[in-house]
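J.: These protein sequence lines are chains Z and B, in that order. Take the first sequence: its letter number 137 is residue 137 in my numbering, and every next letter is one higher. Take the second sequence: its letter number 453 is residue 453 in my numbering, and every next letter is one higher.
Worth flagging that the hints you see were computed from the coordinates, not collected in a lab. For clarity, every value in this text was computed on a predicted model and none was experimentally measured. Cβ coordinates follow ideal geometry from the N, Cα and C atoms, glycine included. Among these hints, one or two may not hold up.
Claimed, not checked - Mimicking SDA-like on lysine to any residue, the simulated pairs with C-alpha atoms at most 25 Å apart in a straight line are: (1) Z:Lys-168 to B:Ala-606; (2) B:Lys-22 to B:Val-32; (3) B:Lys-603 to Z:Arg-162; (4) Z:Lys-168 to B:Ser-588; (5) B:Lys-160 to Z:Lys-482; (6) B:Lys-203 to B:Asn-213; (7) Z:Lys-459 to B:Asp-110; (8) B:Lys-218 to Z:Gln-330; (9) B:Lys-160 to Z:Ser-457; (10) B:Lys-24 to Z:Gln-381; (11) Z:Lys-499 to B:Asn-193; (12) B:Lys-160 to Z:Asn-334; (13) B:Lys-611 to B:Met-586; (14) Z:Lys-168 to B:Val-605; (15) B:Lys-603 to Z:Leu-179; (16) B:Lys-578 to Z:Leu-470; (17) Z:Lys-482 to Z:Leu-470; (18) B:Lys-24 to Z:Tyr-172; (19) B:Lys-203 to Z:Tyr-186; (20) Z:Lys-499 to B:Ser-194; (21) B:Lys-218 to B:Leu-289; (22) B:Lys-22 to Z:Phe-39; (23) Z:Lys-115 to Z:Phe-39; (24) B:Lys-218 to Z:Lys-459; (25) Z:Lys-482 to B:Leu-289; (26) B:Lys-22 to Z:Phe-466; (27) B:Lys-578 to Z:Leu-426; (28) B:Lys-22 to Z:Ile-474; (29) B:Lys-160 to Z:Arg-367; (30) B:Lys-160 to Z:Gln-381; (31) Z:Lys-482 to B:Asn-595; (32) Z:Lys-499 to Z:Arg-367.
Unchecked claim - Chain B residues, not near chain Z, derived (Cβ > 12 Å throughout): (33) Leu-29; (34) Leu-36; (35) Ser-61; (36) Arg-175; (37) Asp-178; (38) Ile-212; (39) Cys-363; (40) Val-384.
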Amino acid sequence: MLYLDIPLLSLLIWTPLIGGVLLLFIDQKNDQLIKISGFTISTVTLFISIVLLINFDTSQYLLQFNEKHIWIYNLDINYHLAVDGFSLLFILLTTTVTSLIILFNFSESRQQNNKYIALFLILEGLLLGVFCAFDSILFYIFFEAMLIPLFLIIGIWGGPNRVYATIKFFIYTLLGSVLMLVALLYLSFKANSFYILDYYNLVLSLDTQILIFLAFLIAFGIKVPMWPVHTWLPDAHVEAPSSGSVILAAVLLKVGGYGMIRFLLPITPDAGFYLNNFLIPLSLVAIIYISFVAIAQQDMKKLIAYSSIAHMGFVTLGIFLVFNTIGQAQDIQNISHIGLQGAIMQMLSHGLISAGLFICIGIIYSRTKSRMIDDQSGIGQVMPVFSALMMFFLLANSGLPGTSGFVGEFMVLIAAIKNNIMYAVLASTTLVLAASYSLWLGKRVLFGEVNNDNVASMKILRFDEFWPLLILAILVILIGIKPDLLLNISEESSMNMIKIITNKY
Amino acid sequence: MYWQSIIIIFSPLVGAITLLLKNKSTNILSSVIANLAIGISMLLSLWLFITYLSEPKVSESYLLYTWYATNGYSFEIGLLIDSLTIIMSFIVTFISFFVHMYSIAYMEGDSSFRRFFIYTNFFTFSMLFIIFSNNFLQLFIGWELVGLSSYLLIGFWYNKASAVNANLKAFVVNRVGDIGLLLGVILVFVTTNSLNYTEFFNKLPLLVDSTINLLGFKIDLLPFTALLLFMGAAAKSAQIPLHFWLPDSMEGPTPISALIHAATMVTAGIFMVARLSPLYDLSGYVLSLILAIGVSTALFMGMVALVQNDIKRIIAYSTISQLGYMTAALGASYYSFAIYHLLTHAFFKALLFLCAGSIILKCHHEQNITKMGGLRKVMPITFVTFFIAGISLMGFPSMSGFFSKDLIIDIFKHNNSLAYYSLILGIFITTLYTCKIFIKVFLGNNQLKVKKRLDLEHNDALIIPLIVLAIPSAFIGWALFDSVLFNNFFQESITDNIRTQQFYILYIKDSVSFLLHSFTSLSFIVLVLGIITSYFLYYKNDDFPKKISKKYPSLHNILLNEYGFTNLSNIVIPSYFKRLANMVWMKSDVNIIDNFFVNGTAKLVAFISLKVRVIQTGYLYHYAFTMIIGLLLFLIIFYNL
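So here's chain Z without its partners, still in its complex pose (with noise of 0.2 Å):
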């Protein structure tokens, strides 16, 4: 442990901050410096949590780097930082996104692109801190601040539509947030702590936990989003411009399935096991309808938003499953634990995928100005390195064996056989029907004949977005051939998580 006595974690949220607002002084006219120290900033963000991984001890489930300090003292609120295996899976995964998006941006030109970086990596900070707070007020401000630069991002740089969609993503999140807010406050009084682990020690009645379980349900559900309350997700993303639906998708909604692993499985293990057979139908119908309305889609990136949902039922009912093991045998628990670590796998290989898909679409968009299917012909005939790379992520959407996006539904699929064989059957119909939305996107899109002049003169990919989608691609392929290699980081934290649900009541 060479790097104990630095503030690591505050050193990883406030160096993409305090960047973000310093690029706003940057003359925007500059704009190679602007791209180059955003860069910069973000790598050096991901070098942070880089040092982080390597001084990690995937032994143990105690809370690492810590970082205590008294804010409001009258309060007991704290500025109290620190990662266990969750956390760091997705501060990786926040920070590996954000610099390549910041990569891809070096292609694009835009108004006032000091602004534009700087917001995404405020969003960074923003993110790094939801995933690092320990202290429920801080997780909230996180959580709540992390809206706003997407909402500028979205409401500025978006669509025509972007007024409507920005408003519907803010009030709809916004919604669940307060909820959550209050039932942190009624846990802060019961615990008489804002630490967050504190929580996991409170006897709570079964009537309290319903109705703390549902407003984080919504809050977290809202996040995901679960079905039904999915439908300011495809608006959001029609609206955003390409780099922000990139973080949304691959970052943004993985809060949603954080949060519940932090707080609803620990907390209100006795709600979700009461509400489980209303809460799993869910999940298949985010897997199933979902999949069945991304197929009519008829905007690409809608398509991908909607396949979006629909993998995060796989998260969702990963997750939700664990609640089944409450006063069962040891075996079902460690199959349990397989499905979470199943939901976070999901998450990750999800955010990886859907960044490629998203980036591609918007390397399409940036040439051809439409994401309409029907606008698209042929393009692997003008641009086959893309085309391929296209293939692989929407192969790897598919849930193709040897990526990343096979592991974590075998996973779930494992915890699902466990409960009970129809969930299996159900969910595993995502085989189908994945392969059935992907492959034809693909089929329409890159195959056959050249049949518009857009198409036809699009210029082939440049090293700037060549790159971004190389690195994600290998990245898919590494965890898909050995994914151990994440799955080890939240071991022992996924374990001890399960220990907590069964031990307690």
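Using the hints, position chain B against chain Z.
T.: Coordinates of chain B only, in the frame set by chain Z:
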């Protein structure tokens, strides 16, 4: 064996990656890299096969690396080396090598030469990955990867609409089977806490009586697992009702049809069932189902071949039909007979396809056999090799196909007359369509006026594979008959050893007497009958089939529509799928959830605020009046209380 196997598996992968990275590679360099990679695998496999033939060895199992391990569960990638592995690896690498060689000439001039070899090398790797697998997870991974290769290669010419339709169809249909396979694999995992074959087989006796709960019904675990796994096998090996992707897959380059859609990938399902023979031995009624599927596929899909005129489609239906024979043998629990037919079939069917490829090249990409004719003089070597492959397919005594196919038919001779006569009828049909191709293509008049050009027929890369594959097509069936089938070759790997030994003692005696005996058997009579019939039907009186189809148009149409499957798979299912998708989206998602609930809430808020706003008039006396009224109401209520 460890290092040899590692090299066999990974050499094609290294080849594929090298080709992928060699961006500016010439055609010659690409073909050298690709062929070298497969050549190494092929020679090592051949050598291993020969050593296994000389003395049977115990099976070996190795761990390559751990995919993920937790709580005592372990997901691994490993190797299992036994006689089944070795014989499959020999088949795959041998055919793959010669198809690669053939492709050098066949794909010459294609702008995506390098891409072709990346795919084929990757395919060979994935197939070997399945074959050498020692656990279910790896089986599934390899299974999907060969599906991927097949997808990429069917759609190799991706600007061709028919090709990209076919590859989407192939992938999605295979995915339907994969649902079963994946669920089966997971079921194995949760019941035995392990995915390793050996551990699973060891635990099988404990699981015989266990049941699972499906929608309130108690179902026997093992047959259910076997059935789920067989779903995957049925899709990959093109068995009814998941067969209909295979004829369309002929849109890919012809060498691919030979390698993937005839000789190797489509036999993965057969291989899997043979590999899991201890499970299938215990799965009772599922075996009867497999038998029924196999026999009906063998018969009915063969009949469809009769009405086809596209040379590749005829051979494709023939492949489905022959896979049906293998499946029938699996259903009768004679797994090693199925593997043996897989072996001989791989050679003669690959050869048939490669001959077809040469013919198609020669005829300038004409595939309709009724427009061809008289190619005997133009392409003599193709003529001879096609003849060998053809009579081997028919099962003419002494040819490879005879030994494996008649053996399968003989299984049913004494216990299942329905299957027996169906498969005998299958021989008749096989003979008819094989003779049909042969007569239409090689005999008669040279309708296309194809010139005898030296370069195409005599291109070494095209010719050598034909000649090399003709040798095993003719002789391997006899050569390996006693040593592979009845010499305890599969003792370690397939459980039907005792059955096959008994069968041998009772009915076969030895290969020579099996051969001599066959000349008086029913199948030979049917075969000769078939040849005579096709002589009259297709040569002497070649408008007779047309008359039949005119007289019985419904029969012709049923066959042409493949008993309705063509319609179902091309029109009905996709259109209902899209309609359902559109309905779910527009009706439910947009109208109900988004417009009614989400935007409805917003509109409700707007509506209420619009109404409430009216009260806020801004006049002081309105507010004063409201206050006074309120105060009065307040007082009245409180005084009454």
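J.: Evaluate each hint against the coordinates.
T.: Now the hints, each set against the structure:
no., hint, result
1, Z:Lys-168 to B:Ala-606, "14 Å, holds"
2, B:Lys-22 to B:Val-32, "13 Å, holds"
3, B:Lys-603 to Z:Arg-162, "18 Å, holds"
4, Z:Lys-168 to B:Ser-588, "19 Å, holds"
5, B:Lys-160 to Z:Lys-482, "36 Å, violated"
6, B:Lys-203 to B:Asn-213, "20 Å, holds"
7, Z:Lys-459 to B:Asp-110, "23 Å, holds"
8, B:Lys-218 to Z:Gln-330, "24 Å, holds"
9, B:Lys-160 to Z:Ser-457, "20 Å, holds"
10, B:Lys-24 to Z:Gln-381, "18 Å, holds"
11, Z:Lys-499 to B:Asn-193, "20 Å, holds"
12, B:Lys-160 to Z:Asn-334, "50 Å, violated"
13, B:Lys-611 to B:Met-586, "32 Å, violated"
14, Z:Lys-168 to B:Val-605, "14 Å, holds"
15, B:Lys-603 to Z:Leu-179, "22 Å, holds"
16, B:Lys-578 to Z:Leu-470, "33 Å, violated"
17, Z:Lys-482 to Z:Leu-470, "18 Å, holds"
18, B:Lys-24 to Z:Tyr-172, "52 Å, violated"
19, B:Lys-203 to Z:Tyr-186, "52 Å, violated"
20, Z:Lys-499 to B:Ser-194, "23 Å, holds"
21, B:Lys-218 to B:Leu-289, "20 Å, holds"
22, B:Lys-22 to Z:Phe-39, "30 Å, violated"
23, Z:Lys-115 to Z:Phe-39, "14 Å, holds"
24, B:Lys-218 to Z:Lys-459, "60 Å, violated"
25, Z:Lys-482 to B:Leu-289, "38 Å, violated"
26, B:Lys-22 to Z:Phe-466, "17 Å, holds"
27, B:Lys-578 to Z:Leu-426, "19 Å, holds"
28, B:Lys-22 to Z:Ile-474, "18 Å, holds"
29, B:Lys-160 to Z:Arg-367, "24 Å, holds"
30, B:Lys-160 to Z:Gln-381, "11 Å, holds"
31, Z:Lys-482 to B:Asn-595, "44 Å, violated"
32, Z:Lys-499 to Z:Arg-367, "52 Å, violated"
33, Leu-29, "19 Å, holds"
34, Leu-36, "24 Å, holds"
35, Ser-61, "21 Å, holds"
36, Arg-175, "5 Å, violated"
37, Asp-178, "5 Å, violated"
38, Ile-212, "6 Å, violated"
39, Cys-363, "25 Å, holds"
40, Val-384, "39 Å, holds"
Going down the numbered hints, you'll see the structure goes against 5, 12, 13, 16, 18, 19, 22, 24, 25, 31, 32, 36, 37 and 38, while the others check out.
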